Amino acid sequence: MQVQTPDHSQLNVTRVGEGPVLILIPGANGTGDIFTQTAAILKAHFTVITYDRRGYGQTVVANPLPAEAKQPDSDYRINADVDDIFTLADTFSPNQPVNIMGSSSGSIVAAKAFERQPDRFAKVAIHESPLTTVLDDDGETKKMSGALVQEALNGHFEAISDLFVNTMHIQPLDAQMMGLAADSKPDPAKMQAMRFWLEYESAQYTGQVIDWHIFAQHRDQVILLNGTDSVGFLPQTVNQAIGKEIGVPITSIPGGHLGYAQKPEGFAQALTNALLRHV
1 MQVQTPDHSQ
11 LNVTRVGEGP
21 VLILIPGANG
31 TGDIFTQTAA
41 ILKAHFTVIT
51 YDRRGYGQTV
61 VANPLPAEAK
71 QPDSDYRINA
81 DVDDIFTLAD
91 TFSPNQPVNI
101 MGSSSGSIVA
111 AKAFERQPDR
121 FAKVAIHESP
131 LTTVLDDDGE
141 TKKMSGALVQ
151 EALNGHFEAI
161 SDLFVNTMHI
171 QPLDAQMMGL
181 AADSKPDPAK
191 MQAMRFWLEY
201 ESAQYTGQVI
211 DWHIFAQHRD
221 QVILLNGTDS
231 VGFLPQTVNQ
241 AIGKEIGVPI
251 TSIPGGHLGY
261 AQKPEGFAQA
271 LTNALLRHV
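Residue 101 in UniProt numbering sits at position 101 of the sequence shown, with consecutive numbering throughout.
Worth flagging that the hints you see were computed from the coordinates, not collected in a lab. Since this is a predicted model, take the numbers as computed values, not measurements.
Ranges of calculated distance between the beta carbons of each label pair, as one might list FRET restraints: (1) H8 - G232: 40 to 50 angstroms; (2) N95 - G139: 40 to 50 angstroms; (3) E265 - Q150: 34 to 44 angstroms; (4) D138 - H8: 42 to 52 angstroms; (5) E68 - Q269: 36 to 46 angstroms; (6) Q150 - G247: 30 to 40 angstroms; (7) K143 - G19: 36 to 46 angstroms; (8) T36 - K143: 34 to 44 angstroms; (9) N154 - K244: 33 to 43 angstroms; (10) F86 - P66: 19 to 29 angstroms; (11) P94 - Q2: 11 to 21 angstroms; (12) E18 - E140: 42 to 52 angstroms.
Cβ coordinates follow ideal geometry from the N, Cα and C atoms, glycine included.
Let's have the full structure, built from the sequences with the hints guiding it.
The following block contains the structure:
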């Protein structure tokens, strides 16, 4: 189905199940179909909303991106992504708080939405966030990542492997699925989505500054998820830093950074348990 936004864009949306609304926000993949197997299990307890974020899949964006959206400190796209979360919430649950789960870049969208209006959400689940601003490293990770991203955009695509393997320490299960393993062959469709992410999200999203005091004040609504198969990956360190900042423990969830696609049954069960805890 298509859901129209206030700026007349058309979000490509899938709805399954019955119960409290749960919006799943994809990361660099960008399309909601990556959650299909997990949503098929979650639908026993929730009305599950998956969708293609702007710039990905079959979502149609009404207005072209302004030139400033490419700037590393631009908020243009993430603000639009956050607006879309509220559009989906108002469409499918106008009178009740909704649950959201964002993975990777999608977790930053989820965090910014929660920061804007925490009472609109029953629970927010942050799965392996790549935020760099929460790390206590004087901005070194941000600078190193930015340099590698620029190399990749200049045509040196081996820099993508360098970023994920040597800087972020991606684990084998995820490397294989993301086409970053040593024996992987380039997938043109994945490369196109990856280039869009590198150009418009890698710096702009991971460099967001979050008011963690808001999360600490609403810590009973916050869930931090780290995969059992991605131990050592940089986003796990980020989630641990967030947990320390706001006083929320890490919840382990089956699979790696793409656990919802790798081990959907275990991922869905662990997410269900976390969302329904203390309800």
